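A.B. asks: Each chain is listed here by its residues.
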Amino acid sequence: MTTVLAVLRRILAIFALPVALFLIWWYASADSTNFLLPPLKRILAAFPDTWLWDRFNGDVVPSLVRLAEGYALALLVGVALGVAIGSSRWLRSLVEPVLEFLRAVPPVALVPILFLLAGLGSTTKILVIISGCIWPILLNTVEGVRGVDPVLADTCRSYRVGGLLWLRTFVLRSASPQIVTGARQSLSVGIILMVISELKASSEGLGYTIQQFQQGFAYPQMWTGVLLLGLIGVLLSLIFRIVEAQVLGWYHGLRATERASR
Amino acid sequence: MLKVRSLRKVYDGHGRQVEALRDITFSVGSGEFVSVVGPSGCGKTTLLRLLAGLITATSGEVSVEDRPVSGPPDGLALVFQEYGRSLFPWLRVSANVELPLKAKGLPRAERERLVRESLSAVGLADAATAYPWQLSGGMQQRVAIARAIAFQPRVLLMDEPFAAVDAQTRADLEDLVRTVWQRFGMTLLFVTHDIDESAYLGERVIILSSSPTTVMEDLAIDLPAQRDQLETRSDPRFVELRHHVYAQVQKAKQSGSGAASREPGPAASSVA
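As given, the protein sequences belong to chains A and B, one line each in that order.
When we follow the numbering used here, the leftmost residue of the first sequence carries the number 1, and every step to the right adds one.
When we follow the numbering used here, the leftmost residue of the second sequence carries the number 1001, and every step to the right adds one.
Isolated chain B, as found in the complex:
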């Protein structure tokens, strides 16, 4: 479904070259939920922007549904970290969700149905006529998720979508994403710097090294499909997996050259 082979990205700017990604190879099967985690500054966002076709790789290949990515691929939606800035402040919630459907050229009745269904799927049926800035941060990110759902993507990419919301809202949104994924069955790649979140959400966790970035480990998360904030997080297997991911990310930070010294401690990454 989603294949990444020997992906490398070097930013060229102001006479200085920055190697954001050195060598990334992995693949995600159809309908899989995969988390990508790594130390801060390891190029997670760069990776997502490459997958989304917003920037081009220095070398290597990305393909979605066996078609090489050269621009934004069909059937792929992206949820940004900056929810406040990815919604159009001059459009009401329903119009925000509807815009990509208009671009797709869907007929009005179809658009209205999709907007209604996706807003109620994220619990925002009542907020359709509000402006995004009238909503809380968590609700705004729900709108962004509703917009992605309504687009009916076969691949959904999420870039640290809950990094800027409070812990309680975050737990709700995590469960919402699991529910949405189970209900709509899209392939989901979820980038986060939060170790707990990566293990709680994914069927697999891809652990990235620090910059220059490679894939450190591709870890299967053998937890039951039905996840629960209390049950799952106290499950001994979850604790074990979480420890493992945590240790790996720590190792990545210590072995990392420049990135490790720039980032303070691991404290920021534990939420629960």
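Bound-form chain A, shown alone:
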């Protein structure tokens, strides 16, 4: 009985606010005559025709593929550089000022330069995504690698755990809580940059399509795009949580036991 109640309470906690916001939007906009803010009813009615399925395949999928490519590359390069910088004090003192400089440059400011350097194709859009996503991953990885437990490091040395095995089972796992933190920050940055990268010199994509609707005064359609972006954000963070539970199951368990014993 209590478990049923607990489950109900959780479902309520998850859906209460979204449902409330939905209802507020629905009723507040019901009689709207402002064509910038059409009734939610009209927006929802426009959704299927707008996105299913030509635009989904022609615009949404390419956007998401670029996001996936850029995010994956940022992860790969960020973690690789982070491990290198984090494990060498010498390298760290050499590159740290430069990292701070580069991190402070907003990726958006780089967009025109990247277009000049890499042309108007997909590559540039992916580079824009990487240029923003890489920093949280890189900097958190550096911190994580710096913070490895010296006793575990000695354990590895005395049992001669080296090379790839050392990297995989010691360094990367030690740093994984911080890497995941960085990856989570990067994911939201990535979604934003996915849209921004399509606003200029583009002929397809989610951001491009939304901008087209806006410029063509198709406001209900524009709003469906905003809704779709939000839904993609929710879906991606859900996937992220599932992956995190797999990767960091040990960490959450460890933290819970530490809290319980205190």
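Please keep in mind that the hints were generated in silico from the structure rather than gathered at the bench.
Every value quoted in this text rests on a predicted model; they were computed, and no experiment measured them.
Careful, some of the hints might be misleading.
Stated by the list, open to error - For the chain B half of the interface with chain A, some residues (derived, Cβ under 7 angstroms), not all of them:
(1) Pro1072
(2) Ala1103
(3) Trp1133
We put the beta carbon where it would ideally sit given N, CA and C, even for glycine.
Given the coordinates of chain A, work out where chain B should sit on it, guided by the hints.
C.D. replies: Here is chain B on its own, set in the frame of chain A:
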């Protein structure tokens, strides 16, 4: 098997030199069980880290199986005091024990056999799939011991391994270490600050002076090989030996310069 000659270690840091070890010479024969005891802060851990090849000496020599130690030597395993931090929290118990065997490049079947055997040797056959942090402190240290056994070392070093567990668990673990040593026959060097423990466990006790550290005495423990928490500890010879070690450590503390004033009393070192 294990030879230490004129070993000296000076730490150099922040414009201040600390002489942790002044002049240490001793040797341990193949298959011997030797305890090392000394007042707190006398550099016991430094000594073990030198033997394990984790740090280098300022002068003097360490050799394991007649080969001078310059890095972690082959066939040597080390059990740390901080059991909680020497096990990988993201690996299950069996994977923790298996990791050094993977590094050795043993085939899977061999690794699985060694993991199974060593876990059952420490009475943890059922805990193979648990994470270390799901176990009690004593059980975690058993896992660390199982990992050392599975590695099949010819020399096993233990650095105050039971300093952080309660008295009852400690007695169990002491007997476990004796059993493991008798069964696997490795050379065992056991560092402790506990005087009773040093005499109860070792065939010999090396007593260190306080810092700057030298070997104060190398004492043979002529007790029967079969030790028992009740019998041995009430054996008049054990009591005699224990008194002797206790008196020596006290003397070391009083004659010690800086270390003696930093450490309070001997109360912390008596357990039983």
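A.B. asks: Hint by hint, note whether the structure agrees.
C.D. replies: Taking the hints in turn, this is what the structure says about them:
Hint status for B/Pro1072 relative to chain A: holds, with the closest Cβ pair at about 5 angstroms, below 7 angstroms. Checking B/Ala1103 against chain A by beta carbon gives a least distance of about 4 angstroms; that is within 7 angstroms, so the hint holds. The restraint placing B/Trp1133 at the interface with chain A holds, with a minimum CB-CB distance near 5 angstroms, inside the 7 angstroms limit.
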